[in-house]
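Peer 1: Sequence:
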Amino acid sequence: MTNRLQILGMPIDRLPPNEFVDQFVDKAILGRSGYVCVPNVHQCILFHDELEHREIVNGADFVMSDSTVLQKFVARKYRLSAVPVLRGDQLMLALCRRAAAGGLPIALVGGKDDKVLARMVAELRRQCPGLEVVYAYSPPFRELSVEEEATMLAAILKSGAKMLFVGLGCPKQERWMARYSDRLPLMMIGVGAAFDFISGQVKTSPGWMHSAGLEWFHRLLSEPGRLWRRYLSTSPRFIWLYLTRDWIASLQNK
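Here the sequence shown stands for residues 350 to 603, where the numbers follow the numbering used here.
By construction, these hints were calculated from the structure, which means they are not laboratory data. Treat the hints with care, since some could be wrong.
As the list claims (entries may be wrong) - With a straight-line Cα cutoff of 35 Å, these simulated DSBU-like cross-link-like pairs (lysine-lysine) come out:
(1) K507 with K421
(2) K461 with K376
(3) K461 with K507
(4) K464 with K521
(5) K521 with K507
(6) K376 with K521
(7) K464 with K552
(8) K507 with K426
(9) K521 with K552
Said to hold, decoys possible - Pair ranges (Cβ atoms, derived):
(10) K464 with M501: 18 to 28 Å
(11) L506 with R474: 14 to 24 Å
(12) E492 with A467: 19 to 29 Å
(13) M501 with R594: 39 to 49 Å
(14) N407 with R381: 17 to 27 Å
Just so we're clear, the structure is a prediction, and the values are computed from it rather than from any experiment. Where is the CB? At the ideal position from N, CA and C, for every residue including glycine.
With the hints as constraints, model all of the structure from the sequences given.
Peer 2: Now the structure itself:
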């Protein structure tokens, strides 16, 4: 069976994390341009609803979900055993450790503000000795001016970074990567809340909650004001769409 499966039409790469890291690093060493989407249930609904998001995800080199819930639904649809799932911050740390070991410089775009970004850089260097962070930028929430955009791109190119981690939240980070992928000869990955987790801005869930598919509940308790509307609007829709589309189709294909 192919490593690329689907859930509600959205591609999901069924790769063990270590194999993904190997392939991502190989592309980075070769100076390839590309990007990786790391979808959860919210992104799955965006993929279903919005043509722009479908085109962005379909154009990604890899689609590596960090959602245990999403992976469980994929496994159920195809009647497969679940593959190990790393949170976005764990995936980022795995890539940064490989970058440090291989002397591959990295760049960062994201973070709530410069203080959060500085704490994250310090923590990355602590956890990944020898890591070269050659560019770090926390952009404003507004659109960049033409001059700001040109300055940012020139600085990233000049830095010599081989990997770029983008933490702007969904769907902004996916649009950002798709917009600039042809202009930046490096590998990018959208890591969302990893900037908050690694910097200590937001606490990560216990491992047992992630394994049980309860990461969303921990996030909701941590940031109720920001997340309750999203979860209320996306989770029931996802389950309904899965039952009426993928689950019925899987029964018919038995």
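Peer 1: Does each hint hold? Answer for all of them.
Peer 2: Each hint tested on the structure:
Of the pairs offered as hints, the one joining K507 and K421 is violated, with about 42 Å between alpha carbons and a cut-off of 35 Å exceeded. Proximity of K461 to K376 is assessed by CA-CA distance (about 29 Å); at most 35 Å being required, the pair is judged to hold. Straight-line distance between C-alpha atoms of K461 and K507 comes to about 24 Å, which keeps the hinted pair within the 35 Å bound. Restraint check: the Cα-Cα separation between K464 and K521 comes to about 21 Å, which is no more than 35 Å; the hinted pair holds.
Our distance criterion of 35 Å between C-alpha atoms is met by K521 and K507, whose separation comes to about 24 Å. A threshold of 35 Å between alpha carbons decides the hint, and for K376 with K521 the separation of about 24 Å falls inside it, so the pair holds. Restraint check for K464 and K552: the C-alpha separation of about 17 Å stays at or below 35 Å, so the hint holds. Restraint check for K507 and K426: the C-alpha separation of about 46 Å exceeds 35 Å, so the hint is violated.
Only pairs whose Cα atoms come within 35 Å are accepted, and K521 paired with K552 is accepted, the gap being roughly 22 Å. In this structure the hint that K464 and M501 lie 18 to 28 Å apart at CB holds, the actual value being about 20 Å. About 23 Å separates the C-beta atoms of L506 and R474, a value consistent with the hinted range of 14 to 24 Å. In this structure the hint that E492 and A467 lie 19 to 29 Å apart at CB holds, the actual value being about 24 Å.
The supplied range of 39 to 49 Å is met by M501 and R594, whose beta-carbon atoms lie about 40 Å from each other. Checked against the hint of 17 to 27 Å, the pair N407 and R381 passes, with Cβ atoms roughly 18 Å apart.
Against the hints set out earlier in the document, violations occur for numbers 1 and 8.
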